[in-house]
Amino acid sequence: MRKLLLSLLFAVAGAPACVMAQHGLVGFANYADLGLRGTTGGAGGKIVHVTNRADFEKYAGAEEPYIIILDADLKGFYDYSTDPKQKHDVVSVASNKTIIGGGSGARLDSLGLDIKDRQNIIIRNLKISKADPDAIAFRNSHHVWIDHCDLSSQKEENDANDGLLDFTYGSSYLTVSWCKFHDHDKSSICSSGTRNIADYGRQRVTYHHNAFVNCTQRNPRIGYGLGHIFNDYNERNTSYAIGMFARAVVNVENCYFKDVKTPFSQMYATSEDDAYWGFLKSEGNVFEGSRGEGNSSGFDVSRYYQYDFAMDDAQSVPGLVAQMGCVDGIESDIIPFPGDGAIGVVRGTQIACGDIEGATGYIYKVGTSPDALQQCDPAALELQPATTYYWQVTVDGGEYSGKTSGVFRFTTAPAEATYPTPFDGEQHASLREVDGSTSPCVPLSLRWREGFDAEGYTVYMGTDSSLDDAEANYVETEEWQPGSLRYGQTYYWRVDATAADGSVATGDVWSFTSDISHAHEGRNEVEHAVRGALCFPELDNQPSWILASNDSCNVGDQGPGYMSFVWVGEAAEYDITTAYFDEASGQGWFGLYVGEELKDQWTAKANNNKMATRVTRNVPLYAGDELRLEFYTNGNMRCRTDYIDIAPSSGSSGIEDIEATAQQQVRIYSLDGRYLGSDIGRLGKGIYIINNRKVVISGR
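Sequential numbering of the sequence shown, starting at -16, is according to the numbering used here.
These are calculated hints, taken from the structure and not from any lab test.
Values in this document were obtained by computation on a predicted structure and should not be read as measured data.
Be a bit skeptical, because a hint or two may be false.
Okay, derived cross-link-like pairs now, DSS-like style, lysine-lysine, Cα gap no bigger than 25 Å in a straight line [unchecked claim]:
no.: 1; residue 1: K41; residue 2: K70
no.: 2; residue 1: K113; residue 2: K70
no.: 3; residue 1: K348; residue 2: K264
no.: 4; residue 1: K41; residue 2: K58
no.: 5; residue 1: K668; residue 2: K582
no.: 6; residue 1: K41; residue 2: K99
no.: 7; residue 1: K348; residue 2: K386
no.: 8; residue 1: K386; residue 2: K29
no.: 9; residue 1: K41; residue 2: K113
no.: 10; residue 1: K241; residue 2: K264
no.: 11; residue 1: K29; residue 2: K99
no.: 12; residue 1: K99; residue 2: K58
no.: 13; residue 1: K264; residue 2: K244
no.: 14; residue 1: K113; residue 2: K99
no.: 15; residue 1: K29; residue 2: K41
Build the full structure now, drawing on both the sequences and the hints.
Structure representation (structure tokens):
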């Protein structure tokens, strides 16, 4: 079923004529996900002007949407010079808010903004200084736009303040634009450090046209997710500018670095195989007095939004710094919906702009070319699939009557499903993934981008590209979980989108393949397993501490993660010995699975910095079974696994492997003593007690 389309009237925000070419909201905050079609702030809410803290707190924390124009500077009680120190003074902000500093900007001195478990927030034209602990802090929040703000502290406090803009604990879909960060140590972080699984699959952020001047580090620092940085300016950063870690992928384009000690910093890792490794693509950047190099091809931003129209040449970035930070007239800016450069727009979306104070109406011009716009009624506009639309708005009535926006653009979704995950042609797909709400990993889900008019989808999947014998699976969301898949197998799949009128848009056939590693009797070094989630090989560089077999093990300290083998030995019962390192840093959970069945679980909690073993006895294995070891961590514990030894169970000599036939009549019991009848031909694959003997049924 189509996600509910919000009825949108749009927030006040603004810019003088000289700023209009800045295109408004561009980037990840425009992306449709997590129940929102983009970021609209206080859209449709009442416009209120506030001049004191009591009113500011009242409207910022209200459950209703509001567009809050702050027409006065506010002073907090935080004072680092007092003894005892007065600390932690913040105003909490609820969902669906637009906060704008009126005139040339409003100042918050020693007062920060705190946002937790919220969504859909716009903050513009504020000058925040000396806040504690952060100038603006988001935790577990999404769809946020920070624009034309000036954020700073005072370095003489020796890092008494933490971040200027921190986006942590599972937050996602952030755009930071035309802001000025200065005179601070740790400017902006997008993650919750190195051990918080809430950030896994989140932290999708865009930074563009921002200045970081005399900021030591974190300009920004990104972990776990996807970062896109373009046209930022960095000057006099004495440690590093942009940091990446914990498998984040960051694209840095057309930025300018002047007198920066280290433009790009790989955090906490020296090898791509390390859990902390981050990936960065550097393209079109200018380095003055320094040098920076990328280490990857980055990610495809076009899967999420368009931005080329908003990007400037790197050489022109220093000349744009004067426009960054607070400016005059933001409160009269025209914010479009869909956001500029949005993609995947679906039927039923109505272009909108509103809430310009005093306006009595708006004049819309729309077309499929920026040079051929025609006046139209947005309510009567019938969008077509796979089409790029250009549009412009003029304010009618009130103080800002006649004010005209720049030309905005968005692209509608095709009729069929698009942008598959795993990517089409992926050769190393992970067959399990992190859920976030559960600790062990779960089977892979297939995902795609919504069809233009789709009410539901039929998913076909098989091992033949024709999909002639594939079963049809109907779903009403853009996700389907096929269950456990076989390693090393190439799978083909197709998603057909069914529209409201019953028509079907047949999708393309996509494919993906996974790696495979085999287990056998004897020792199986886990660094040779297929690894997934946050599980990585680690060479033993400290033999006096960890004496690992083969001088290496697998490590995961941001779990969950897993190690997977496919059994190629004889069908029988086996004793499985798992060797792991019990670090003196907390607790680590391990689970031994055959397929989806948990056979054993334990917790590493001796905290003695020694190797330990766990023996799991009498585990039945058949050729082709997946043998999987999963883990997740607690606190600072690192789950290190050395090897898995597999040996025939001491009591398994009586197991026989027979072919089931319909003719044999015997007495059959389950292993737990239940009588199952006498017809072997009706038995499925498994181990049974047949005529007082333990017997493996391997197939028909």
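Structure-inconsistent hints, enumerated in ascending order: Number 3 only.
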